[in-house]
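Asks: Below are the chains, spelled out letter by letter.
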Amino acid sequence: MGIKFSLAAVVGLILAAFIGVSGGGLSHFFGVTMPYLAILLFLGGVVYRVLKWGRAPVPFRIPTTGGQEKSLPWIKHAKFDNPSTKGQTVVRMALEVFLFRSLFRNTKFELEKGHRLFYQWEKWLWLAGLVFHYCFLVILLRHLRFFTEPVPGFVQGIERLDGLLQVGLPGIYITDGLFMLAVTYLIIRRLIIPQVRYISLPQDYFPLFLLFAIGTTGILTRYFFKVDLIKVKTMVMGLISFHPVVPAGIGAIFFVHFFLVCTLFAYFPFSKLMHAGGIFMSPTRNLPNDNRIRRHVNPWNYPVKVHSYAEYEDHFREKMVEVGLPVDKELEPAPKATADS
Amino acid sequence: MKIYDGKYILVGLLVFGVLATFPIWFDHGKVVAPANPSLNTPVIDAMMSKHCILPKAQMITEHMKLLNVWRTEVVRYGKRVYVAPSGKKYEMSLETECFRCHSNKAQFCDRCHNFAGLDKATDPYCFSCHVVPSEKKPGAGKVAMVHKESK
Amino acid sequence: MAKVPKPSELELQHVLPKTDWMDTPAVFRPGNFSYPGKAKNLKVLGLANPREWSPMDEDWKLPADWKNIILEGLRERLDKYRTLKVFMDICVRCGACADKCHYYLGSGDPKNMPVLRAELLRSVYRKEFTLAGKIMGKMVGARDLTEDVIKEWFMYFFQCTECRRCSLFCPYGIDTAEFTIIGRELLNLIGCNIDWIAGPAANCYQTGNHLGIQPHAFKDMIDFFVDEIEAVNGIRVEPTFNRKGAEFLFVTPSGDVFADPGTYTLMGYLMLFHEIGLDYTWSTYASEGGNFGFFTSHEMMKRLNSKMYAEAKRLGVKSIIGGECGHMWRVINQYMDTVNGPADFMEVPKSPITGTRFDNAASTKMIHIVEFTADLIKNGKLKLDASRNDNLVMTYHDSCNTARGMGFFDEPRYVLNNVCNNFYEMPPNTIREQTFCCGSGSGLNNDEFMEMRMRGGLPRANAVRHVHEKFGVNALSCICAIDRAALPTLMNYWVPDVTVYGLHELVGNALVMEGETERTTDLRGEPLPGMEDNENEDI
Chain D
70 MGIKFSLAAV VGLILAAFIG VSGGGLSHFF GVTMPYLAIL LFLGGVVYRV
120 LKWGRAPVPF RIPTTGGQEK SLPWIKHAKF DNPSTKGQTV VRMALEVFLF
170 RSLFRNTKFE LEKGHRLFYQ WEKWLWLAGL VFHYCFLVIL LRHLRFFTEP
220 VPGFVQGIER LDGLLQVGLP GIYITDGLFM LAVTYLIIRR LIIPQVRYIS
270 LPQDYFPLFL LFAIGTTGIL TRYFFKVDLI KVKTMVMGLI SFHPVVPAGI
320 GAIFFVHFFL VCTLFAYFPF SKLMHAGGIF MSPTRNLPND NRIRRHVNPW
370 NYPVKVHSYA EYEDHFREKM VEVGLPVDKE LEPAPKATAD S
Chain V
638 MKIYDGKYIL VGLLVFGVLA TFPIWFDHGK VVAPANPSLN TPVIDAMMSK
688 HCILPKAQMI TEHMKLLNVW RTEVVRYGKR VYVAPSGKKY EMSLETECFR
738 CHSNKAQFCD RCHNFAGLDK ATDPYCFSCH VVPSEKKPGA GKVAMVHKES
788 K
Chain W
-13 MAKVPKPSEL ELQHVLPKTD WMDTPAVFRP GNFSYPGKAK NLKVLGLANP
37 REWSPMDEDW KLPADWKNII LEGLRERLDK YRTLKVFMDI CVRCGACADK
87 CHYYLGSGDP KNMPVLRAEL LRSVYRKEFT LAGKIMGKMV GARDLTEDVI
137 KEWFMYFFQC TECRRCSLFC PYGIDTAEFT IIGRELLNLI GCNIDWIAGP
187 AANCYQTGNH LGIQPHAFKD MIDFFVDEIE AVNGIRVEPT FNRKGAEFLF
237 VTPSGDVFAD PGTYTLMGYL MLFHEIGLDY TWSTYASEGG NFGFFTSHEM
287 MKRLNSKMYA EAKRLGVKSI IGGECGHMWR VINQYMDTVN GPADFMEVPK
337 SPITGTRFDN AASTKMIHIV EFTADLIKNG KLKLDASRND NLVMTYHDSC
387 NTARGMGFFD EPRYVLNNVC NNFYEMPPNT IREQTFCCGS GSGLNNDEFM
437 EMRMRGGLPR ANAVRHVHEK FGVNALSCIC AIDRAALPTL MNYWVPDVTV
487 YGLHELVGNA LVMEGETERT TDLRGEPLPG MEDNENEDI
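Protein chains in written order, with the numbering used here: chain D, 70 to 410; chain V, 638 to 788; chain W, -13 to 525.
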């Protein structure tokens, strides 16, 4: 159900852009209104979401302890898996953000006869995840050539590396292929691993289908239904300089690609894609494990009802005195007085 | 509205904002004129009906594919003649055929390639083998014509 | 009480139901839930809705406005806990956590996959607190809060031991324990809790410890162990109680005072402190290291924990030493200083024997007995005869709480390696930060829940079985009172030839005390290696 719904949504988006531009003359809507709307939603949405998280305090410091804590000086401290200072925590975060450290620990269980459990090597999710994210980043940066004039050297540098194979003209990009492979893997594993399929919601399929469609239309635009890049860049530069123009004669396939990307950006802050911001806000990862060294302050810490020692002693004084336990208040000599109270 | 750890969050959001709007501040709102390649070379000026191998729109989007096919045909299979959809025959040669008319790389090729952000050193890599046509040599085109006709 | 199936009868398949998880109701059957909290215990603690009820009843006798109470409770906690708020939003359901949970591995029930456990709460959050959920409902994984949802929460938030193993593998550090803790807090607001937690918490609150041992009885019990030690090696140790002006206050879980094999560990503490001449005192008021309040709510945790600092202040000690315990140390490490500190009336702990200053406890002023002992050994202050433990082929179980609440790995191993000669590690993905829970933590070590405990403990037992078969391991050591209570049962069920030891029991065995008579038995009264014949002669 979730699969069909998400697939239908993406197909609907594609058709909307295709028909809108090629039949409905809506190129201004898809070329100007949509991108402005999308970027507004993206920037505003991300800021809104992060601030919303920020409004909640972090009452306790509960970091993930992935290794030996800081202890006696002769015990080797796992600085980056169980950091105790801010600096070490920054390194830990960098390992998480850039290398997906935690996902790298992944294993897969197997149950054999006689209730025997085994844990298998399983780094494919880590690998596909890493490949997907880095390819996405490279592709995003490469696209800056349509967003800048003059084009900065680093963009050309990335492009040169990515097109290193020099196969065909226009030359194929390594990241295009890897991106599609990774996305396909992520879709397939969600469909065929029973547990993952069982936990998947429509909002887990939708972004994958959307990304798959974005990749496909991008590739079609570059290699098959070629569009006039000069016009495309003219349009994009118009958007950036806030003098939007939509040159006539850009193929509909471009608008489909462009619209899907706009959808992705607009959808981003309101979905699980915010894990990108969330990882930085995750208290289990962005705090050092130094509770015993430095006191963590809870802004809403409040006094609670406790059973005080005085109450305790009042309750047990006689028994305590009987076995010789020291008491703060001696037994009252007149038993009558205690009975009255 | 109280934001906890506001210092870090604001710095983070600021970095995000700066990176996400990179194209806008990088271009600081200047209106960029689209690439305007020049078709004015002596040969083209002299042509009665100005046409290329394929229709203009197609040449804009597909010239690289065409050149790639030509290279393969010539280098791999030794074929040298290209028959355009119009029936006209062309020699599959960048230097003798293309440059005959488009002898102005700087005003023609480079303008679009630069605008599209292609890396001059490697992409297109035509000129890592081919010689850039010299505009100071009138008649270069004619030689090519003669050469072709003599075949 | 439910009949517990034998290991050979225990069915285990990881098959998914045909129906979507939202359409699969929780089914209570004997063995998969814990008995609900008794009214009298709830009243002691001032908890909501005390009543007699059973999870197997159709009507749970919830308060009339239960739905409102839960939603307001959730709203309040979303504003109070960034963890909860962020973790509600950022899960991508990648499934990396799915097979990391011992309860999932041992039960095959998909709702024991950490991701689904969290989704139980998330689905309600989406419906009530997000626009998309309000509009699109099930299409975005949102659902209404119904009594069935409450029943499901009760089932699965009390089928999680808050061991945090899933969190280690999560790319965003989503901590299911946080969902379980908050989920249990919410359930407590409408009176849905279990007696194995409410009972000990009530005892602890009123009497000072989970088992409800009164002060005179507490002293008696310790005195009994003093006699036991004398019988082993002729040394009479002299513990003191509630003594003002002592240098250290010692706090350990009351399980060590009450139940084997924890009691042997306690004997180990007494012998160690006597041997080094430590100026310390026990407290009958703060006679509980453990904290079952933590399995009720953050507030209850704070109420019970308050006694440690209060007693330290009253007695005027310089710092506190804590015994071997799991969740006790999680509370000390992650919460105590924050909720009941600052402990500025004490000093940074310093070993009077070695002079080592424990800067890693500079703020809490409380050190773990294992790090204290490790420091003693490292500085050559203890005379140890590890051969007394030569009949034991050891392995070591990292308690989930000291492992993933602190990162306390090499201290116990260092001590262990100095007090016994045969030590084999279990496979790497079952120890240290990846350790498996005993299956009975977070207040679930009750008898009626036995089948689930044996299931949840399977991954741990499986690893022990591996080293048992490979290296002949016959002893499992640990530094957690719940482990000492739960692992013997677990071993008896899955790996019957393995005995459970607390670390300081082994220290007590190996410790060569000044003026002691020749030992023929260990602390359990079993003959020492090489002394088997002597024992026979005696008989």
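None of these hints come from the bench; they were simulated from the model.
Backbone N, C-alpha and C fix where the C-beta goes; we use that ideal spot for every residue, glycine too.
Any given hint could turn out to be false.
To be verified - To give an idea of the chain D side of the interface with chain V (calculated C-beta under 7 Å), a few residues: (1) VAL119; (2) LYS121; (3) GLY123; (4) HIS212; (5) GLU228; (6) VAL314.
Said to hold, decoys possible - Taking lysine to aspartate or glutamate and the DMTMM-like style, the derived pairs with C-alpha atoms no more than 20 Å apart in a straight line are: (7) LYS26(W) - ASP134(W); (8) LYS693(V) - ASP747(V); (9) LYS73(D) - ASP9(W); (10) LYS124(W) - ASP134(W); (11) LYS29(W) - ASP206(W); (12) LYS53(W) - GLU138(W); (13) LYS121(D) - GLU(-5)(W); (14) LYS(-8)(W) - GLU181(D); (15) LYS230(W) - GLU181(D); (16) LYS155(D) - ASP642(V); (17) LYS137(W) - ASP6(W); (18) LYS182(D) - GLU(-5)(W); (19) LYS121(D) - ASP642(V); (20) LYS47(W) - GLU133(W); (21) LYS639(V) - ASP65(W); (22) LYS374(D) - GLU387(D).
Asks: Kindly indicate which numbered hints from before are broken by the structure, ordering the numbers from low to high.
Replies: 2, 4, 6, 7, 11, 13, 15, 22
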